[in-house]
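Chemist: Line order of the protein sequences matches chains A and B.
Sequential numbering from 1 applies to the first sequence in the numbering used here.
Sequential numbering from 1 applies to the second sequence in the numbering used here.
To be clear, the hints were calculated from the coordinates, so they are not data collected in a lab.
Glycine included, each C-beta is placed from N, C-alpha and C at the ideal position.
Don't take every hint at face value.
Unchecked claim - Per label pair, the in silico range of CB-to-CB distance:
| # | chain 1 | residue 1 | chain 2 | residue 2 | range |
| --- | --- | --- | --- | --- | --- |
| 1 | B | K312 | A | P183 | 41 to 51 Å |
| 2 | A | V34 | B | G153 | 50 to 60 Å |
| 3 | B | G186 | A | P183 | 16 to 26 Å |
| 4 | A | F202 | B | G185 | 22 to 32 Å |
| 5 | B | E108 | A | D270 | 50 to 60 Å |
| 6 | B | Q323 | A | P183 | 38 to 48 Å |
| 7 | A | Q40 | B | A116 | 41 to 51 Å |
| 8 | B | G57 | A | V34 | 47 to 57 Å |
| 9 | A | V34 | B | L118 | 38 to 48 Å |
| 10 | B | G42 | A | P5 | 28 to 38 Å |
| 11 | B | R231 | A | A110 | 49 to 59 Å |
| 12 | A | K71 | B | D406 | 55 to 65 Å |
| 13 | B | Y178 | A | A110 | 31 to 41 Å |
Listed below are the residues making up each chain.
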Amino acid sequence: MYEFPEALSVPLSDWVDAVMSWLLTNWGTLFDAVGKALLQMLLYVERFFLLLPWPLVVAGVGLAAWRTLGKWWSGAVMAGLLMVIGSFGYWKLAMMTLAIVTSAVVISLAIGIPMGIVMARSDFVESTIRPVLDAMQTMPSFVYLIPALMFFGLGKVPAVFATIIYAMPPVIRLTNVGIRQVPSSVVEAAEAFGSSSWQLLFNVQLPLARPSIMVGINQTTMMALSMVVIASMIGARGLGLEVLLAINRIEVGRGFEAGLSIVFLAIIIDRITHALAARQQKTLGGGS
Amino acid sequence: MEESRLEVSEEAETPRDVMDYSVEVRGLWKVFGPRSNEVMDGDLRRASKDEILEKAGCVLALRDISFQVERGEFFVLMGLSGSGKSTLIRCLLRLIEPTVGKVFINGEDICSYNKARLMHLRRHTVSMVFQHFGLLPHCTVIDNVAYGLKIRGMPKKERYERAQEAIETVGLKGWEHYLPNSLSGGMQQRVGLARALATDPQILLMDEPFSGLDPLIRRQMQDELVELQDRLRKTVIFVTHDLYEALKLGCRIAIMRDGEIIQLGTPEEIITDPADDYVREFVQDASPAKVLTAGKIMEEPELLLYEWQGPKAAHHMLRSSKQDHAFVVSKSRQLVGIVTRERIRETIERGASSLRDAMDEEPPTCTPDMLVEELFPIASSTPYPIAVLDENGRFLGVIHNRTILDSMIQDREEKTDV
Ligand SMILES: Nc1ncnc2c1ncn2[C@@H]1O[C@H](COP(=O)(O)OP(=O)(O)O)[C@@H](O)[C@H]1O
Ligand SMILES: [Mg+2]
Numbered sequence: 001m002y003e004f005p006e007a008l009s010v011p012l013s014d015w016v017d018a019v020m021s022w023l024l025t026n027w028g029t030l031f032d033a034v035g036k037a038l039l040q041m042l043l044y045v046e047r048f049f050l051l052l053p054w055p056l057v058v059a060g061v062g063l064a065a066w067r068t069l070g071k072w073w074s075g076a077v078m079a080g081l082l083m084v085i086g087s088f089g090y091w092k093l094a095m096m097t098l099a100i101v102t103s104a105v106v107i108s109l110a111i112g113i114p115m116g117i118v119m120a121r122s123d124f125v126e127s128t129i130r131p132v133l134d135a136m137q138t139m140p141s142f143v144y145l146i147p148a149l150m151f152f153g154l155g156k157v158p159a160v161f162a163t164i165i166y167a168m169p170p171v172i173r174l175t176n177v178g179i180r181q182v183p184s185s186v187v188e189a190a191e192a193f194g195s196s197s198w199q200l201l202f203n204v205q206l207p208l209a210r211p212s213i214m215v216g217i218n219q220t221t222m223m224a225l226s227m228v229v230i231a232s233m234i235g236a237r238g239l240g241l242e243v244l245l246a247i248n249r250i251e252v253g254r255g256f257e258a259g260l261s262i263v264f265l266a267i268i269i270d271r272i273t274h275a276l277a278a279r280q281q282k283t284l285g286g287g288s
Numbered sequence: 001m002e003e004s005r006l007e008v009s010e011e012a013e014t015p016r017d018v019m020d021y022s023v024e025v026r027g028l029w030k031v032f033g034p035r036s037n038e039v040m041d042g043d044l045r046r047a048s049k050d051e052i053l054e055k056a057g058c059v060l061a062l063r064d065i066s067f068q069v070e071r072g073e074f075f076v077l078m079g080l081s082g083s084g085k086s087t088l089i090r091c092l093l094r095l096i097e098p099t100v101g102k103v104f105i106n107g108e109d110i111c112s113y114n115k116a117r118l119m120h121l122r123r124h125t126v127s128m129v130f131q132h133f134g135l136l137p138h139c140t141v142i143d144n145v146a147y148g149l150k151i152r153g154m155p156k157k158e159r160y161e162r163a164q165e166a167i168e169t170v171g172l173k174g175w176e177h178y179l180p181n182s183l184s185g186g187m188q189q190r191v192g193l194a195r196a197l198a199t200d201p202q203i204l205l206m207d208e209p210f211s212g213l214d215p216l217i218r219r220q221m222q223d224e225l226v227e228l229q230d231r232l233r234k235t236v237i238f239v240t241h242d243l244y245e246a247l248k249l250g251c252r253i254a255i256m257r258d259g260e261i262i263q264l265g266t267p268e269e270i271i272t273d274p275a276d277d278y279v280r281e282f283v284q285d286a287s288p289a290k291v292l293t294a295g296k297i298m299e300e301p302e303l304l305l306y307e308w309q310g311p312k313a314a315h316h317m318l319r320s321s322k323q324d325h326a327f328v329v330s331k332s333r334q335l336v337g338i339v340t341r342e343r344i345r346e347t348i349e350r351g352a353s354s355l356r357d358a359m360d361e362e363p364p365t366c367t368p369d370m371l372v373e374e375l376f377p378i379a380s381s382t383p384y385p386i387a388v389l390d391e392n393g394r395f396l397g398v399i400h401n402r403t404i405l406d407s408m409i410q411d412r413e414e415k416t417d418v
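Pulled out of the complex, with its shape left as it was, chain A reads as follows (with noise of 0.2 Å):
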């Protein structure tokens, strides 16, 4: 009674291993096609970041934060976070991370926004979609790893590509309510003058879904943020290594002082991302 049963035993593990082997020999070369293309794209953006020269990010950073939030002090501070990051002697790998991200979260919206735009236009997408979204908000970041592991092996691809995966669920889900908020009075209206179908999304639904859509922006960035410390475990060179060399050596300090630059790469991106969101919603006022 304290053996459970050898016979009811599920054999999941050979079924998905299975699936996963006929994937990879019959869908080998995609994969490795997407894993190159992924690749030299991610080193064009990193060769970018670490290209620019140093005053140029800060004075760049601080010009942004204090359009966007309005007040000079901010765009102070914020740069002056980014002046810290440089003096932990880490701008270099704040710049790999960067680029990570950045690589990351275009692709998440790439794929993303449209997803959520048909989400939008159809019920039964949804209602198909939503499950699977919920369920991977549930699932720990960790898991997005062994799918990433298997097709691309270990390098900077899996882990955007796990990035990308963990990232992308927020902005599929405030595009599509996004678009679902759109009063039907307003819609109603544009059709009766005739709009076609990509009249109505590009004249009314998506300008109208724009704040929401923002908010998605700025949840699916923090997200890929959030993911540089675990993707780091597969492969992904920047501050995320950092933090985990530090701790498998158990270097408080130095970890410590990574930590604290992804916090202010964090605090950075989200501020500024934001009060664009908060700006849309502004101008559009109470809607109706």
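Please build the complex by placing chain B with the ligands on the supplied structure of chain A, with the hints as guidance.
Modeler: Using the frame of chain A, we list chain B with the ligands on its own:
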């Protein structure tokens, strides 16, 4: 053989007079709900609305609606909330798909249209004004007004010019670059109206456009709409739940209840012969009709002709004062008759030289002490305005059909507003 027979029957099914109507609706049903076809096929067709809801779980919104609207007519759909007015007017543009029935616009069955033709219809022929405005909150007034032109693919400069015209027509000059949310309700609806006019449609659909506005603004907008309609001569189909508004605006009124048209007629007909308790109540309630006298509501005529004037002079005067008809009096202001512009023209073409040849010598008349109530039957039996004469037959003033209704409506509104 088969084919030729089919052609003949098609032609027979589309009689020529269909083309004469701007809008014609034939046997239109709308049942909301997944089992709507069962309702249409089965015995439930004749069942009451409640019964259909109970047995099939469907909402019957429209039952066997048929009517025709002439070109340039102002047609009003009137009924209490839930009577199916919005559903009906949306079926005319297929914003809601009818369950059964046909809608003809300019003689074409729009239910058989494919997507592209339907889009063309919406872009060029028919536009709509909504109760809740439906303006784009992120676009300025002028961009809202130009929306219909933009989706046609009209270049920016041209569409702004036309939008600007429409904006001036509705009296919103100077507000072009504001966002709709910074405008009052009345002004937002003006934007809605301008947007509908900008595409220069033949047919204007209006679903309770003034219901959300306060009474003063509402009355003003009604007056302006009447004036606009006089000038532009569009076919207007106007939905309202307000009988006074219906009487004031409509050439003809269709009164709806529970998805059916229970009465269709001119305002006069509806007042004199109400088919429904709701209408009857109003008419009985309409005390002004029992109190107001002809002398109280009569007006100075815009134009009075004298019997010795020649037809050419009379025609010229009618034309320059933009009147269709005028009463003709003698030197002592005795009423002699009434002339219409058209008949004068014919007379001139025939070469006659006396105004008498063009005159109708028995125009409708009344005395100043007659009650407005007594004027209804007179007004509904004649195309002319009514002449008010004293006991000696001297001409005192004129009463137009519209004046009769307006007098009642205004009195009523003043009461309800306070
Ligand atoms: N989308 C819908 N689904 C189900 N029932 C509807 C729908 N739209 C309208 N109805 C019903 O149809 C009837 C007529 O509604 P409507 O045309 O809006 O009336 P009105 O405009 O005269 O107030 C009402 O009983 C309403 O509840
Ligand atoms: Mg309605």
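Chemist: Could you say whether the range 41 to 51 Å given as a hint is met by the Cβ separation of K312 (chain B) and P183 (chain A)?
Modeler: violated, 60 Å
Chemist: Just tell me: holds or violated, for the beta carbon distance of G57 (chain B) and V34 (chain A) against 47 to 57 Å?
Modeler: holds, 50 Å
Chemist: Do the beta carbons of Y178 (chain B) and A110 (chain A) sit within 31 to 41 Å of each other?
Modeler: Given about 36 Å between the Cβ atoms, the range holds.
Chemist: Quick check on a hinted range of 49 to 59 Å for R231 (chain B) and A110 (chain A), using CB atoms only.
Modeler: holds, 52 Å
Chemist: Would you say the C-beta atoms of V34 (chain A) and L118 (chain B) sit inside 38 to 48 Å of each other?
Modeler: holds, 42 Å
Chemist: Do the beta carbons of Q323 (chain B) and P183 (chain A) sit within 38 to 48 Å of each other?
Modeler: holds, 47 Å
Chemist: 41 to 51 Å was suggested as the range; check whether the CB atoms of Q40 (chain A) and A116 (chain B) agree with it.
Modeler: The hint (41 to 51 Å, Cβ to Cβ) holds, given that Q40 (chain A) and A116 (chain B) are roughly 43 Å apart.
Chemist: Per the hint of 16 to 26 Å, is the separation of the Cβ atoms of G186 (chain B) and P183 (chain A) within bounds?
Modeler: holds, 20 Å
Chemist: Kindly confirm whether 22 to 32 Å is satisfied by the beta carbon distance between F202 (chain A) and G185 (chain B).
Modeler: Given about 28 Å between the Cβ atoms, the range holds.
Chemist: Taking 28 to 38 Å as the stated bounds, is the beta-carbon spacing between G42 (chain B) and P5 (chain A) within them?
Modeler: Check failed, 57 Å falls outside 28 to 38 Å.
Chemist: Just to be sure I understand the hint, the distance between the Cβ atoms of K71 (chain A) and D406 (chain B) should be within 55 to 65 Å; is that true here?
Modeler: holds, 60 Å
Chemist: Could one say that the CB atoms of E108 (chain B) and D270 (chain A) fall in the range 50 to 60 Å?
Modeler: holds, 57 Å
Checked against the numbered hints listed earlier, the structure breaks hints 1, 2, 10; every other hint is satisfied.
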